[in-house]
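Peer 1: Starting from the known structure of chain A, arrange chain B on it as the hints suggest.
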Amino acid sequence: MQVGESHFVGRPNHSNRCRKACRAAFALFALFWLGSCDALNPAFVSLIAPGEANTFTTLDPAPGHLVIAFVNNAEVDEQLISYLEGPGGLSLTDAERRAVRPRIRARVQVTFLNGEQTQFELVDGTQNLIDQRFAAQSVPDLNQNDLDNAVVLCNVSRVELQLNTLEVFIPTQLEIWELVDVISGQGVTTSSFRLRGQTPPAFRQLQMDTVDEDGNTILLRNIGIRDVPAPVIGPNCGTVVTITMNGTLAVPFLTGPGVEGNNPSYDRDDPQSEASIGGRFEFIVSQL
Amino acid sequence: MRIKTSLLVIIPAAAMAALISPGCASTAGLFSQAFVNTVSGGSFPLTPGPGADFVMVRVINGTGAPAEFIVTIEREEFERDDNGNIIVDDQGVAVSRPLRETVRLNTQSNAPANDLGVLFPCDQSPINLIGLGENLLPNDPAVFIGGDGTGLVPGGGVRVGTLAPLTRLSDPSNFVCGDTVIFRAIIDNTSAGSVRLESFLLPGFEQPDQFIGPDTFVNYQDFLESQLREDE
Numbered sequence: 005m006q007v008g009e010s011h012f013v014g015r016p017n018h019s020n021r022c023r024k025a026c027r028a029a030f031a032l033f034a035l036f037w038l039g040s041c042d043a044l045n046p047a048f049v050s051l052i053a054p055g056e057a058n059t060f061t062t063l064d065p066a067p068g069h070l071v072i073a074f075v076n077n078a079e080v081d082e083q084l085i086s087y088l089e090g091p092g093g094l095s096l097t098d099a100e101r102r103a104v105r106p107r108i109r110a111r112v113q114v115t116f117l118n119g120e121q122t123q124f125e126l127v128d129g130t131q132n133l134i135d136q137r138f139a140a141q142s143v144p145d146l147n148q149n150d151l152d153n154a155v156v157l158c159n160v161s162r163v164e165l166q167l168n169t170l171e172v173f174i175p176t177q178l179e180i181w182e183l184v185d186v187i188s189g190q191g192v193t194t195s196s197f198r199l200r201g202q203t204p205p206a207f208r209q210l211q212m213d214t215v216d217e218d219g220n221t222i223l224l225r226n227i228g229i230r231d232v233p234a235p236v237i238g239p240n241c242g243t244v245v246t247i248t249m250n251g252t253l254a255v256p257f258l259t260g261p262g263v264e265g266n267n268p269s270y271d272r273d274d275p276q277s278e279a280s281i282g283g284r285f286e287f288i289v290s291q292l
Numbered sequence: 037m038r039i040k041t042s043l044l045v046i047i048p049a050a051a052m053a054a055l056i057s058p059g060c061a062s063t064a065g066l067f068s069q070a071f072v073n074t075v076s077g078g079s080f081p082l083t084p085g086p087g088a089d090f091v092m093v094r095v096i097n098g099t100g101a102p103a104e105f106i107v108t109i110e111r112e113e114f115e116r117d118d119n120g121n122i123i124v125d126d127q128g129v130a131v132s133r134p135l136r137e138t139v140r141l142n143t144q145s146n147a148p149a150n151d152l153g154v155l156f157p158c159d160q161s162p163i164n165l166i167g168l169g170e171n172l173l174p175n176d177p178a179v180f181i182g183g184d185g186t187g188l189v190p191g192g193g194v195r196v197g198t199l200a201p202l203t204r205l206s207d208p209s210n211f212v213c214g215d216t217v218i219f220r221a222i223i224d225n226t227s228a229g230s231v232r233l234e235s236f237l238l239p240g241f242e243q244p245d246q247f248i249g250p251d252t253f254v255n256y257q258d259f260l261e262s263q264l265r266e267d268e
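Those protein sequences? They're chains A and B, same order as listed. In terms of the working numbering, the first sequence is numbered consecutively and its last residue is 292. In terms of the working numbering, the second sequence is numbered consecutively and its last residue is 268.
No wet-lab data here; the hints were simulated from the structure. Please note that the accuracy of each hint is not assured.
Stated by the list, open to error - Reference excerpt, derived from the structure (chain A facing chain B, CB under 10 angstroms, subset only): (1) Arg-102; (2) Val-114; (3) Leu-117; (4) Gln-148.
Think of the CB as a built atom: it goes at the ideal place given N, C-alpha and C, for glycine as much as any other residue.
Bound-form chain A, shown alone (with noise of 0.2 angstroms):
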């Protein structure tokens, strides 16, 4: 053996070498990876804060959105614009009145993959859609500011508007009526509404149709059971989730003997004409 040669006894120590090639393959790797891209990811961003001269900072890049819309297209009973442009006090011009929608608000809760979940309110529809008789300040939630659109990061499990919190402002004063007999003093018997209560504008929360086992309607109220938004499972990500509603905002005109004007009012003993309120409202849920 000459001077400078090894000499192994036993099996070869391969462990130097495996590190060594572990090393350099990735070394390889990342050059070969680098050198295919034209270009770093362009999300990395780095930005002088105004106010803040010679500071960089960076942020890390988003694996994408999901975007939530909410499309209000429902409309307003032409009685009830009629009331509120004329005992309501309300002044719209012809393009107001065409755009008029009823002030909608709801939550969505979105759920994502790793279990966390996040919710945000969305608030859309006319802001001065209200009886002028009752000031704008006196319904503050009115004033909210719309949202009619949120966007969330990838990836989304499930998006959900939860249905116990729709809810939608009714603009006038309502007035609650009963139907009472009266006996006069020669004994007849009529019957006649009195006038019970009152509430003032405020926002109400929509119901679904009350349904018997077989799934007949027993009240209709605001939400057929097959026009509830559906959640969203497994949005993909980089899509739209829309949330459309359709309908329109009416309120009960209670005639009959007694009744004295011709207000937004119920009778408090007629189940269907108290569910009636607010009006009638459909949602289609898709993804684009």
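Peer 2: The following block gives chain B in isolation, referenced to the frame of chain A:
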């Protein structure tokens, strides 16, 4: 032996690089596009993009607690007549007035629920100011830290401080339609309230022209245009 070892290193390295660089070599499939987007981009847009009708404002909560961001924009609202047409003055210039909109974005403590954005239309009325706080003033609360994370129970307020709003009034290039403006709140013991507020700009023109995945914001814009009612 050495040549054989080198080949054993080079060939797998090159193969791995080719397989997991789909953002560049369009060989997607091995990893989720969302993951790829964080590494090399090109799968999904991160801004509405040049020519889009929106500015996206994103808020990122790095405080470790639920936070509610108060985001305000100021736009030029054009005056309209009874028929909805824009009113112009004697010189033909549209009559406008500044109008502010404030939205409250509730974020959670953990990712990805700590990140929330909103799209502001900027096609019909341009946006001139984007910032935090209801009045865009230094003493306004910009973020409420803590609370229940849904906005129903507010937390403690952190002032806007030195984080000036982004404005196009002094420099129209500060942001344009199609950009993404990002506000972030992080823990910093050297800042007032131990929370530091930062702003970032993601220019729309820096995004790729095409994406492997769906073009999120173009799809949203197309959808809105299809929803125009007959009377609008």
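Peer 1: Hints broken by the structure, by number, lowest first?
Peer 2: none
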